[in-house]
Structures are given as C-alpha cells and as structure tokens.
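Visitor: Numbering (our numbering), first residue to last: 1 to 976.
Just so you know, the hints here were simulated from the structure itself, not pulled from any lab data. Where a beta carbon is used, it is the ideal one built from N, C-alpha and C, also for glycine. Some clues are possibly wrong.
[Said to hold, decoys possible] Mimicking DSS-like on lysine-lysine, the simulated pairs with C-alpha atoms at most 27 Å apart in a straight line are: (1) K963 with K937; (2) K98 with K66; (3) K128 with K98; (4) K201 with K98; (5) K764 with K201.
[Unchecked claim] Taking CB as the label site, the calculated pair distances span: (6) R163 with R20: 28 to 36 Å; (7) R744 with A855: 31 to 39 Å; (8) R161 with T737: 50 to 58 Å; (9) V29 with D781: 36 to 44 Å; (10) V29 with R189: 38 to 46 Å; (11) E165 with V765: 31 to 39 Å; (12) L731 with G698: 13 to 21 Å; (13) V29 with T344: 34 to 42 Å; (14) A425 with D782: 42 to 50 Å; (15) G371 with Q40: 53 to 61 Å.
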Amino acid sequence: MPTAPQTTDELYRALQENDRRPYGRTRTVTAEELVEAAEQFAEPVPLIHALLELQEAYNYGSEPRKSPVVFARLLTLFDEQPDLFDERLRHTLFWRFKWAAHALLALPEMPLAGLRQWLTEMRDRYEKAGLGLQPYYGQAYQLAAHTGEDTDLAYELWAGRARTEFSDCEACEICGRALYHLAAGDDERALSIWEPVLTGKESCQEEPARSISHALLPLLRTDRADRARELHLTGYRACRRNPSMSAEVGGHLEFCALTGNEARGLELLAENRNLFDDVDSPLDLLGFLTGVEVLLQRVELLGHGELPAAGYAGRTWTVAGLRAEVAGRADDLAARFDARNGTTAHTDRRRARLDRAPLLDALELTLRTRGLDDVAPAPAAAPAARATAAVPETLPELIVRARESDEQGHPDAVACWARLRTLAAAPDYSHPDDPAVGPLAQLRADLLADEAGQAGEKDEFDAAVALYEAAASLYDEAGAPGHAGLARACALLPAGQIPTERADGAEARAAALTAAHAALVRLHEEAPGLAPYQEARILRLRATALGLRLQTSRREEHIAPVFAEVDLLLAFATRHDIAGQVSGALMLRASTYALSGDLPAAVAELDALLDRLKAHGPAWHLPRTLGLRGRVQLGLKDARAAHADLTESLRLAADWPADTIDTARLHGELAEVCMRLGSPDEALRHLTRSAELELRHGSRTDAFCAYGNAARLSLDLGRVEDCIALLDSLLAEPDVTAGALDDRLVAQLRLTRARALHAGEDLKVATAEFAALAAESAGWDDDPGSHAMIAAETAVLLAETGEFGRAREAANQALAAHARAPRYEQLSNCLRELARLQAEQQGSEGLADALAFLADAGRIADEARAAEYKARGRALDSALAYEHGRVNAYAGEYETSLAALDRALTLLGEPGPDEDQAGEWAECVRLAAAVEGIYLKRPAPALTRLGGAVSRLTALGHTEETKPLTSLAARLRDED
Numbered sequence: 001m002p003t004a005p006q007t008t009d010e011l012y013r014a015l016q017e018n019d020r021r022p023y024g025r026t027r028t029v030t031a032e033e034l035v036e037a038a039e040q041f042a043e044p045v046p047l048i049h050a051l052l053e054l055q056e057a058y059n060y061g062s063e064p065r066k067s068p069v070v071f072a073r074l075l076t077l078f079d080e081q082p083d084l085f086d087e088r089l090r091h092t093l094f095w096r097f098k099w100a101a102h103a104l105l106a107l108p109e110m111p112l113a114g115l116r117q118w119l120t121e122m123r124d125r126y127e128k129a130g131l132g133l134q135p136y137y138g139q140a141y142q143l144a145a146h147t148g149e150d151t152d153l154a155y156e157l158w159a160g161r162a163r164t165e166f167s168d169c170e171a172c173e174i175c176g177r178a179l180y181h182l183a184a185g186d187d188e189r190a191l192s193i194w195e196p197v198l199t200g201k202e203s204c205q206e207e208p209a210r211s212i213s214h215a216l217l218p219l220l221r222t223d224r225a226d227r228a229r230e231l232h233l234t235g236y237r238a239c240r241r242n243p244s245m246s247a248e249v250g251g252h253l254e255f256c257a258l259t260g261n262e263a264r265g266l267e268l269l270a271e272n273r274n275l276f277d278d279v280d281s282p283l284d285l286l287g288f289l290t291g292v293e294v295l296l297q298r299v300e301l302l303g304h305g306e307l308p309a310a311g312y313a314g315r316t317w318t319v320a321g322l323r324a325e326v327a328g329r330a331d332d333l334a335a336r337f338d339a340r341n342g343t344t345a346h347t348d349r350r351r352a353r354l355d356r357a358p359l360l361d362a363l364e365l366t367l368r369t370r371g372l373d374d375v376a377p378a379p380a381a382a383p384a385a386r387a388t389a390a391v392p393e394t395l396p397e398l399i400v401r402a403r404e405s406d407e408q409g410h411p412d413a414v415a416c417w418a419r420l421r422t423l424a425a426a427p428d429y430s431h432p433d434d435p436a437v438g439p440l441a442q443l444r445a446d447l448l449a450d451e452a453g454q455a456g457e458k459d460e461f462d463a464a465v466a467l468y469e470a471a472a473s474l475y476d477e478a479g480a481p482g483h484a485g486l487a488r489a490c491a492l493l494p495a496g497q498i499p500t501e502r503a504d505g506a507e508a509r510a511a512a513l514t515a516a517h518a519a520l521v522r523l524h525e526e527a528p529g530l531a532p533y534q535e536a537r538i539l540r541l542r543a544t545a546l547g548l549r550l551q552t553s554r555r556e557e558h559i560a561p562v563f564a565e566v567d568l569l570l571a572f573a574t575r576h577d578i579a580g581q582v583s584g585a586l587m588l589r590a591s592t593y594a595l596s597g598d599l600p601a602a603v604a605e606l607d608a609l610l611d612r613l614k615a616h617g618p619a620w621h622l623p624r625t626l627g628l629r630g631r632v633q634l635g636l637k638d639a640r641a642a643h644a645d646l647t648e649s650l651r652l653a654a655d656w657p658a659d660t661i662d663t664a665r666l667h668g669e670l671a672e673v674c675m676r677l678g679s680p681d682e683a684l685r686h687l688t689r690s691a692e693l694e695l696r697h698g699s700r701t702d703a704f705c706a707y708g709n710a711a712r713l714s715l716d717l718g719r720v721e722d723c724i725a726l727l728d729s730l731l732a733e734p735d736v737t738a739g740a741l742d743d744r745l746v747a748q749l750r751l752t753r754a755r756a757l758h759a760g761e762d763l764k765v766a767t768a769e770f771a772a773l774a775a776e777s778a779g780w781d782d783d784p785g786s787h788a789m790i791a792a793e794t795a796v797l798l799a800e801t802g803e804f805g806r807a808r809e810a811a812n813q814a815l816a817a818h819a820r821a822p823r824y825e826q827l828s829n830c831l832r833e834l835a836r837l838q839a840e841q842q843g844s845e846g847l848a849d850a851l852a853f854l855a856d857a858g859r860i861a862d863e864a865r866a867a868e869y870k871a872r873g874r875a876l877d878s879a880l881a882y883e884h885g886r887v888n889a890y891a892g893e894y895e896t897s898l899a900a901l902d903r904a905l906t907l908l909g910e911p912g913p914d915e916d917q918a919g920e921w922a923e924c925v926r927l928a929a930a931v932e933g934i935y936l937k938r939p940a941p942a943l944t945r946l947g948g949a950v951s952r953l954t955a956l957g958h959t960e961e962t963k964p965l966t967s968l969a970a971r972l973r974d975e976d
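Required output: the full structure, derived from the provided sequences and hints.
Guide: Below, the structure is given as structure tokens:
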C-alpha cells in the first residue's frame with residue numbers, strides 16, 4: 001500500500017479496492033496494513049470493518065492460526081460496545097463463529113477440549129442471541145467427522161434440523177451431507193445429493209470446486225467417466241494454486257494417478273509447486289500431501305522414480321526423492337491429528353488413499369494426452385518409430401547395409417545411420433580394417449551427409465550447407481570423388497533456399513533457385529566418377545530446384561523447364577533401372593501439374609504412379625503418393641476422396657519407421673478435410689495427433705501452431721474447458737516460460753486462452769489477460785492490425801464488467817492502431833457493442849458516451865465505404881442504424897429509436913432468400929414494433945408492421961424468422 005489512508009473515507013475506499021483483489025499474500029498483507037491504519041482513528045467502526053476484511057483474507061488465504069485471533073478481537077469489541085454493530089455487522093459476526101471453529105479444527109496443536117469449549121461458547125452465544133442452533137450442530141458434526149467418533153449421531157442432530165439464516169450456504173451443506181454418505185460407502189446416494197452443486201445450481205466461494213474434488217472417484221466407480229473428466233477440467237481450474245483449496249488440488253492429483261494420467265499429474269504438480277510453502281493450514285496440507293504421494297507413488301511404481309518432480313523450494317527433486325519427503329511429512333501430520341483426537345482416523349484415511357488401486361487404465365483427460373515416456377528426457381536423435389528396422393549385428397555388415405539402403409532411399413537407412421552414429425561417437429570405437437567398408441573418413445562423411453539431410457528437412461538450410469561441405473571434404477580425403485561431387489550438389493539446393501534480405505522475397509527466392517539450378521547443371525557436367533545412382537540424384541536435385549522455383553513464383557514460363565528436367569530424370573532412371581528415382585520423377589511430374597493448376601492431369605499421373613508402385617515398388621513410396629493425391633483431391637473439392645487417400649496413406653505409413661513419412665502433415669491435412677466434411681471432432685483428433693508428432697520430432701514451433709489450431713477449434717465447438725486445459729499445458733512449457741518460443745506465437749495462444757476464459761464466463765481473469773495482451777501488442781510496430789483487434793476485444797470485456805472508463809481507453813488504442821492498419825468490420829462491431837453495453841447498463845446516464853462510441857463506428861463505416869470495403873458479416877451502415885435504435889431505446893429515447901430503426905430497415909431493403917439477411921431484417925422489425933407498440937403506446941401501427949413482415953417472410957419460406965414477430969403480435973393484442 002503506497003500511503004496509509006488519512007481519513008475514514010480513504011480507509012473505506014482502500015477496503016473496497018482490497019476486496020476486489022484475489023485471495024493471497026498481497027490481499028492479506030494489505031488487509032493487515034489497513035487494520036493498522038484503522039487503529040489510528042478514534043472511531044471504532046472502521047476498525048471493525050478492517051478486522052472483518054482481515055479475517056476473510058486469513059480464512060481464504062489458508063492461515064488458520066491467525067483467523068481466530070482476529071475474531072477474538074471482534075468478539076471483544078462486540079462485548080464491550082454492542083451498539084457499534086449494526087444488523088449487517090452483527091449478522092457477519094455470528095456467521096463467522098463457524099470460520100473460527102473450522103480454523104481451530106485445522107490446527108493439531110489445539111487440544112480437543114479446547115475445540116469442544118469453543119463449540120460450547122458458540123452454542124451459548126447463539127442461545128443468548130435467540131438464534132437457531134442448526135449452525136452449532138453443523139460444527140459439532142464437522143468435529144465428529146474429523147475425529148471419526150459418534151459421526152452418525154452428530155449427523156442426525158445436524159441434518160435433521162431446519163436451516164437458519166446463519167447456516168452454511170446450501171452448496172456447502174450439500175457437500176457436507178454428500179461426504180457423510182460417501183464415507184459410509186454409498187457412492188450413488190452421495191452423487192445424488194451432490195447433483196445441484198455439480199450442475200452449478202448451487203454455488204459459493206468454494207463450491208462447486210470443493211465438491212468436485214471429492215466426487216471424481218465416486219463418478220469413476222459408478223461408470224460416469226465422461227462426467228468425471230468434464231468436472232476435473234472445470235474443478236481443477238477453480239482451485240489451482242489456491243492455498244485455501246490445496247486439499248482439493250491433492251484430490252485432482254490423485255484422480256490423475258488413478259486414471260492413467262500420471263504425466264498430467266506431474267504437470268499439475270509443477271503448476272502448484274507454490275502450495276508446498278504457501279499452505280499454513282496443517283489439515284489442508286495433509287490433504288494436499290497425501291494426494292501428491294498417491295501420484296508420486298504411482299509414477300515410481302511404473303518405473304519412473306528418476307523423473308524430475310516439482311517439490312519444496314531450494315533443491316532439485318526426483319519423483320522417488322520427493323515421495324519419500326512427502327510421505328514423512330504427511331505421516332507426521334496424520335499422527336499429530338490422531339494424537340490430538342485420540343483416534344486413528346487420519347492415518348486410516350491416508351492409508352486407504354495410498355492403497356487404492358487405479359480405477360481406469362487410461363482416461364483421456366485433455367486434448368494433449370501424454371504418457372510418462374513423453375515426460376522422460378530422451379535423446380533428440382531417437383524419435384518414436386512405429387516400425388523398427390532390423391539392424392545388422394556386425395559393424396561391417398551395418399556399414400554396408402546403411403550405404404545400400406541410402407543408395408536405394410530405403411527407410412532402413414534411418415535406423416542404420418542412427419546406430420552407426422552412436423557407435424562411431426564412442427571413445428573406444430575401432431573402425432574395421434575391411435576394404436568393403438572403406439576408411440574411417442568415408443564413414444564420418446556418410447554420417448555428416450545424413451545429418452545434413454535431416455537439417456534440410458527441418459529447413460535449417462545454413463546448417464545443411466555446412467554439413468554437406470564438410471562431408472564433401474572428408475569424401476575427398478577418403479578418395480571417393482563421386483560421393484564428394486554428390487555432397488557438393490546436395491549443398492547447392494539448401495544454399496539456394498537460405499532466406500534473403502532483399503525486399504522482394506518471392507523474386508529473390510526464385511532468382512536464388514535459378515542460380516542453384518545453374519550451379520547444379522555445371523557441377524553435373526564437371527563432377528568426376530559419378531555412379532548412376534549418384535547421377536540420378538543430381539538430376540533429381542536439378543528438377544527439384546526448378547520445381548521449388550515454380551512453387552515460389554507461380555509463373556507460367558517456369559512450368560516447361562520443370563517438365564524438361566523431370567523428363568531427363570525419368571529417362572535416365574528408367575535406362576539404369578533405378579526404381580526409386582523413376583517413382584520420384586513421376587511424383588515430381590504430378591506435383592508440377594498440380595502447381596500449374598492442372599489438377600485432373602495431376603490425378604491421372606498419380607493414378608498411374610500408384611498402379612506402378614503396387615506392381616513394382618518401392619512400397620515405401622505408396623504413403624507419400626497417396627498423400628499427394630489426397631491433397632490434389634482436396635483441391636478438386638472432392639473431400640471424400642481426399643479423406644480416403646489420406647487415411648490410407650496413414651495406414652500404410654504405419655508399416656515404416658516414423659521418419660520415413662511426414663505423418664504429422666498427413667494428420668494436419670486430414671483435419672482440414674474433416675472440417676470440409678463437417679466432422680469437427682475428428683478434425684480435432686487429427687490436429688492434436690499432428691501436434692504430438694511434431695513435438696516428438698523436435699519441431700516445436702510447428703507443434704505449437706497445430707496445438708493452437710486445435711485450441712481454437714475446440715473453442716469453436718464449445719469445448720471451453722478442453723481449450724483452456726490444453727493452453728494451460730502449453731503455456732507452462734519451459735521454453736514458453738523462459739521466452740524461448742516465438743513471442744507472437746505465444747501471444748496467439750494466450751489470446752485464444754483469454755477468449756476461452758471469456759466464453760467460460762471467467763470475466764475477471766479473461767479481462768486481466770486481454771489487458772496484458774493489449775499492453776504488449778501496443779509495441780508491435782510491424783503489426784498494428786493485431787493490436788487493434790486485441791485492444792478492441794479488451795474494451796468489450798472491460799465494458800462487460802462495467803469499467804467503461806478503461807473500456808474507452810482501450811477503444812481509443814484500437815482506433816489509433818486501426819488508423820495504421822484498418823480493421824473496419826472488427827472495430828465497427830466492437831464500438832457498436834460498447835455502445836450497447838453502456839446504454840444497457842447505465843440507461844439515460846450512459847447515453848452520451850454510448851452515442852460517442854456510435855459516432856466512432858459511423859466514421860469507420862464512412863472510411864469503409866470510401867475504401868469500397870465489403871463486410872463479411874452484417875453491412876456496417878445498417879448494423880449501425882440498428883444499434884442507434886437499440887441504444888436510444890435503452891436510454892428511453894423512443895422516438896429517436898424508432899426513427900433509427902426505420903432507417904435501418906430502409907438500408908436493409910426488402911428481405912430475400914438469404915436467411916442471414918432475412919433474420920437481421922426480422923429482428924429490426926421486431927425491435928421497431930416493440931418500441932412503437934409497447935413504449936410509445938401505439939399498438940395499431942406496430943401490429944400492421946408485424947403483420948406485413950410475417951406475410952413477407954412466410955412467402956419467402958422464412959418461417960423460423962416469423963416466430964418472434966408472431967409472439968410479439970400476440971402480446972400486443974393481449975395488452976390492447
């Protein structure tokens with residue numbers, strides 16, 4: 001707090017401001033400072049308010065040792081000066097007897113006799129005040145449930161009494177009743193009692209998050225796994241990183257451990273690492289630590305005790321090490337509670353949780369499903385493979401096999417080179433003295449050339465060039481001129497793809513590829529000692545260079561040269577019977593037809609190639625060829641044929657090592673096809689699979705892009721919690737938190753998350769994230785359009801929460817960015833919505849500001865008209881006129897409203913066959929009739945208006961659009 005309040009008015013304002021803060025250390029420290037400030041005033045009432053705020057901060061900040069001390073001060077003030085407490089303060093004081101009871105219960109150092117004495121104090125004071133005793137019996141039951149003694153009697157004494165105004169809220173009492181039946185082993189009855197809370201009909205500060213954490217396992221035991229999954233996502237988000245709900249976080253960790261989601265459990269544990277140090281409640285901490293131990297015990301049992309785990313600050317933990325530490329601390333806490341209570345209840349409950357067997361082998365909780373093997377650190381050069389090549393045992397055989405496979409382009413080469421790379425890197429490596437394998441320099445050159453090919457596939461062109469050149473030098477040293485020439489030729493293609501600094505990117509890239517082709521032709525003519533397969537590869541490089549040039553330029557004069565090079569390659573490969581290069585040439589020919597726009601010819605070429613591959617091979621070219629035909633079919637708008645080809649491509653790809661076929665791309669293309677076919681759920685599965693494969697291959701940027709697409713699609717599908725859970729997982733990745741990933745990509749992920757939070761009605765968090773993104777994007781001088789859209793969305797969220805001053809500031813930012821990079825439709829939509837929100841919330845008082853927003857929207861509509869911009873959605877002018885009508889109606893300016901709506905109808909014109917336009921027209925008629933008939937008290941013309949509109953719409957077949965109009969007409973007739 002910058003400065004202490006100097007007046008009671010300043011104190012009350014500071015208390016209100018602190019009340020808007022989330023619970024945690026900042027709010028608690030501020031509350032402590034405000035109590036100190038309140039003590040300086042002669043008037044005691046401000047101190048009462050400050051103490052109440054402090055007790056609330058302690059209660060929800062998981063500091064039970066301090067909460068009763070504050071409450072004792074309040075009781076003393078009440079006993080000494082009861083007249084200071086008005087009805088509201090008195091109600092709050094008696095309500096919080098329960099808070100003090102719960103806080104004392106959570107402290108094992110508080111004797112059992114002291115707990116009972118406090119409950120007696122509560123009963124006596126309630127009786128003296130003439131209050132019902134149901135709240136007292138509720139606390140007595142909580143003590144009995146805690147100790148495990150006389151629970152049934154205590155439950156009946158509480159649950160059998162009628163609720164009073166001082167009872168816990170309905171949601172909390174439902175949870176208490178459900179937990180009683182859960183402890184008795186009756187899952188079905190517990191879940192039935194919980195239903196109003198789990199469905200959101202009853203809620204409070206802690207509910208339904210608290211109930212959800214307890215209901216997860218009963219839901220699994222009663223075969224409601226999908227419901228458990230759904231509630232896990234919503235419930236976890238409500239309690240994560242919250243010290244006062246640490247026990248509930250432990251319940252979610254246990255749920256992950258018992259459903260085959262141990263990797264997600266470790267991820268959530270890392271997200272809640274603060275709870276190891278921030279939880280001051282021993283009872284909450286016991287619940288949290290036991291959940292942690294259930295998770296870690298399961299991970300260790302699965303053989304992953306060496307994995308890193310997030311634990312207590314100050315040292316690095318493994319799963320096994322942290323489990324031992326947690327077990328010791330939790331055992332001690334349970335023993336302390338049992339010693340205080342004179343029972344074994346807490347030790348027994350803890351042991352029951354630890355002994356519980358998994359309830360499901362696997363339950364897909366999020367869109368990003370990972371196993372413990374994905375968490376374990378693995379060498380980057382060892383991607384997962386669905387089919388594994390049989391690698392020869394002896395070193396000479398392995399070297400020979402690797403070279404033969406590489407010469408043929410056979411997928412087995414990948415595994416052979418990987419094995420050789422490992423062997424050759426060993427300190428004790430001894431190269432065989434065998435003429436069949438050649439000198440060590442040749443092997444090292446082979447490995448460099450293979451590494452260069454991998455770098456080129458990842459678009460790491462500079463690295464690829466350097467590696468190929470190094471390989472060529474070693475081949476020269478080994479006396480292998482043909483290999484050296486091929487390596488230098490291979491270096492020329494990535495050299496022609498290195499990004500240029502020239503302004504005209506496409507022209508510069510095309511020129512660079514032209515130069516690369518010319519260099520390849522010269523090298524081909526001059527290179528000595530080329531074997532036929534090496535010469536064929538150089539011809540393939542020549543054709544590829546020109547194919548890439550055509551792909552870059554799309555110029556007609558670049559088509560024929562590609563076909564000419566392909567013909568050379570095909571003739572040479574056919575003459576020398578090099579099957580892989582024959583197939584490659586035919587694939588290049590089909591690709592060239594596709595690039596030139598002749599898709600039917602491309603399909604015909606691919607049909608012939610597939611027939612040839614099925615008859616003569618090589619079989620590993622089938623998946624790639626089918627994938628290309630699938631892409632061409634998509635271009636021909638035959639989504640079903642594309643789906644069939646891409647699906648078959650994926651099926652065949654499973655027969656070969658993972659690096660052979662770009663299955664990540666196939667899944668991404670299948671996602672697009674599924675969207676065309678109206679199968680968004682299947683598309684979502686393909687997107688997430690594509691992202692997983694990209695991650696496994698080390699392509700993190702591509703993976704995060706695919707995950708981002710999946711998140712946006714899940715949001716479009718209404719799967720809000722899936723979207724948020726996926727993005728939370730991505731944004732917690734180490735390279736994201738360290739700032740190593742592209743900042744714009746991260747911003748896009750955060751933007752999608754903010755939109756999902758908004759859709760999930762978590763306005764506070766969503767607004768904070770939007771505001772942060774708006775501040776960051778203000779510095780994107782190269783992309784003012786994105787800043788305009790982010791600032792516009794931020795303005796709308798601020799307006800939804802009633803912060804119209806900040807909303808105006810954000811809108812001004814959006815307008816300034818729009819001036820540099822116009823976003824006509826987005827800004828018009830934003831400004832109209834801001835006007836609506838302000839008029840709706842503030843009525844006539846907000847009319848002037850609302851009209852100012854509409855004036856800005858009017859200027860944007862004028863600019864759009866001058867720029868001949870055509871909106872994708874509603875026309876800007878008619879939408880603006882309609883909003884003038886609605887805003888004025890909210891403000892009570894009904895004549896002005898009706899005139900604006902009539903103008904909107906004029907701009908819209910008569911309805912036609914288009915449903916969207918007819919719907920907009922019908923809504924405009926409806927609002928105009930409502931203003932005219934209800935607010936201006938002129939039902940006759942309003943009914944005439946409605947009757948004519950219904951007739952027009954019915955004649956056009958828009959029967960659905962007539963329903964609101966006929967309903968309004970019936971209302972007007974009834975009122976008349």
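Visitor: In ascending order, which of the hints set out earlier in this document are inconsistent with the structure?
Guide: none
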